[in-house]
Amino acid sequence: MSVFNVFDVAGSGMSAQMLRLNTVASNLANAETISGNEGDVYQARHPVFESVLQEAGNNSDDVAVVKVREIMQEQTTAIPHYRPNHPLANNDGFVYSPDIDTVAEMADMISASRSYQNNVEVMSTTKELLLRTLQLGQR
Amino acid sequence: MQYHLQEEILMPVSFDKVFGVHDDALLLFERRNQLLSENIANADTPGYKARDINFDQVLQNAQNSNSQSVSGAQLKTTHQGHINVQQQPYTGDIQYRQVEQSSADGNTVDTQKEKAAFAENAVRYQTTLSFLTRKISGLKTAFRGE
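Those protein sequences? They're chains A and B, same order as listed. 501 is the number of the first residue of the first sequence in the working numbering; add one for each residue after it. 290 is the number of the first residue of the second sequence in the working numbering; add one for each residue after it.
Some clues are possibly wrong.
[As the list claims (entries may be wrong)] In silico negatives: residues of chain A with every beta carbon more than 12 Å from chain B: (1) F504; (2) N530; (3) T533; (4) I534; (5) D540; (6) Q543; (7) L553; (8) A564; (9) V566; (10) Q575; (11) T576; (12) N585; (13) P587; (14) A589; (15) N590; (16) S597.
[Unchecked claim] On the chain B side, residues computed to face chain A include the following (Cβ under 8 Å): (17) G309; (18) P335; (19) T400; (20) T422.
These are computed hints drawn from the structure, not numbers from a lab. Positions of the beta carbon are idealized from the N, C-alpha and C atoms, including for glycine.
Please take these sequences and the hints and turn them into a complete structure.
So this is what it looks like as structure tokens:
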């Protein structure tokens, strides 16, 4: 029965968007993380979504659920700051901060939250339809 | 003579006739509900192509075919050795949605459109449900004979 597949589909979408929100939180939280070594600087992370056909029950078609294929790390160059008094500064007096576009991250966060809400709406509407179908013929 | 009388009394109510097109319509809306939810869930998936059922075409197929089922263009079994392939209704009527504005990642989901279609489909489903409820309560009244 394909009504139940909807819960799989919307659930997979919700978990994918939640992971996206998590990476946004991680990126924003580490936006100001200072490192004394250029190679150790935090790099922004972004999930890569893909659509996977999941086999449904014998009586219906396969459903396209969302899967997170990988979490991609950006390869940006760190921003150097000249702060010779900083405890983490290297021999030349530089500390490094990650190159994170906080505005883009905020936009990503809003997009993820809207998509999550859409999935919740799909789920609750479908649940209501299912419950009404169960009451078919009763009154 | 007695047998004839009995047959007349036991004339079965054909549920196919009572429910008419509505039980098939419920299946169709259920299938469409799933497709639209897939579109909404994959709104951010690169390369995903939105799909939908062409409702008008299904209706036309249903009107063209003489079979009682709505799911029009399907193979008929005319021999007992034929395999019945009516397992998956409306599979042939699923089409990719036309894009009005293409995106760089190849995704063709327009979330607003999909949400509108989903809401419309939910209302259609509920309408069909209430039709069925009325039919059933009509039958119940007839059975009680009050």
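Against the structure, the hints:
1. F504: violated (9 Å)
2. N530: holds (23 Å)
3. T533: About 27 Å separates T533 (chain A) from the closest Cβ of chain B, which puts it past 12 Å; holds.
4. I534: Answer for I534 (chain A): holds, closest chain B Cβ roughly 32 Å.
5. D540: Given that every Cβ of chain B is farther than 12 Å from that of D540 (chain A), nearest at about 31 Å, it holds.
6. Q543: The assertion about Q543 (chain A) holds, with a minimum of 21 Å to chain B.
7. L553: violated (10 Å)
8. A564: Given a closest Cβ separation of 5 Å, the condition is violated.
9. V566: violated (5 Å)
10. Q575: holds (19 Å)
11. T576: Since the minimum Cβ distance to chain B is about 20 Å, T576 (chain A) lies beyond 12 Å and the statement holds.
12. N585: holds (44 Å)
13. P587: Check passes; 41 Å lies beyond 12 Å.
14. A589: With a cut-off of 12 Å, A589 (chain A) remains clear of chain B, as the shortest Cβ separation is near 40 Å.
15. N590: holds (39 Å)
16. S597: holds (29 Å)
17. G309: violated (15 Å)
18. P335: holds (7 Å)
19. T400: holds (6 Å)
20. T422: holds (6 Å)
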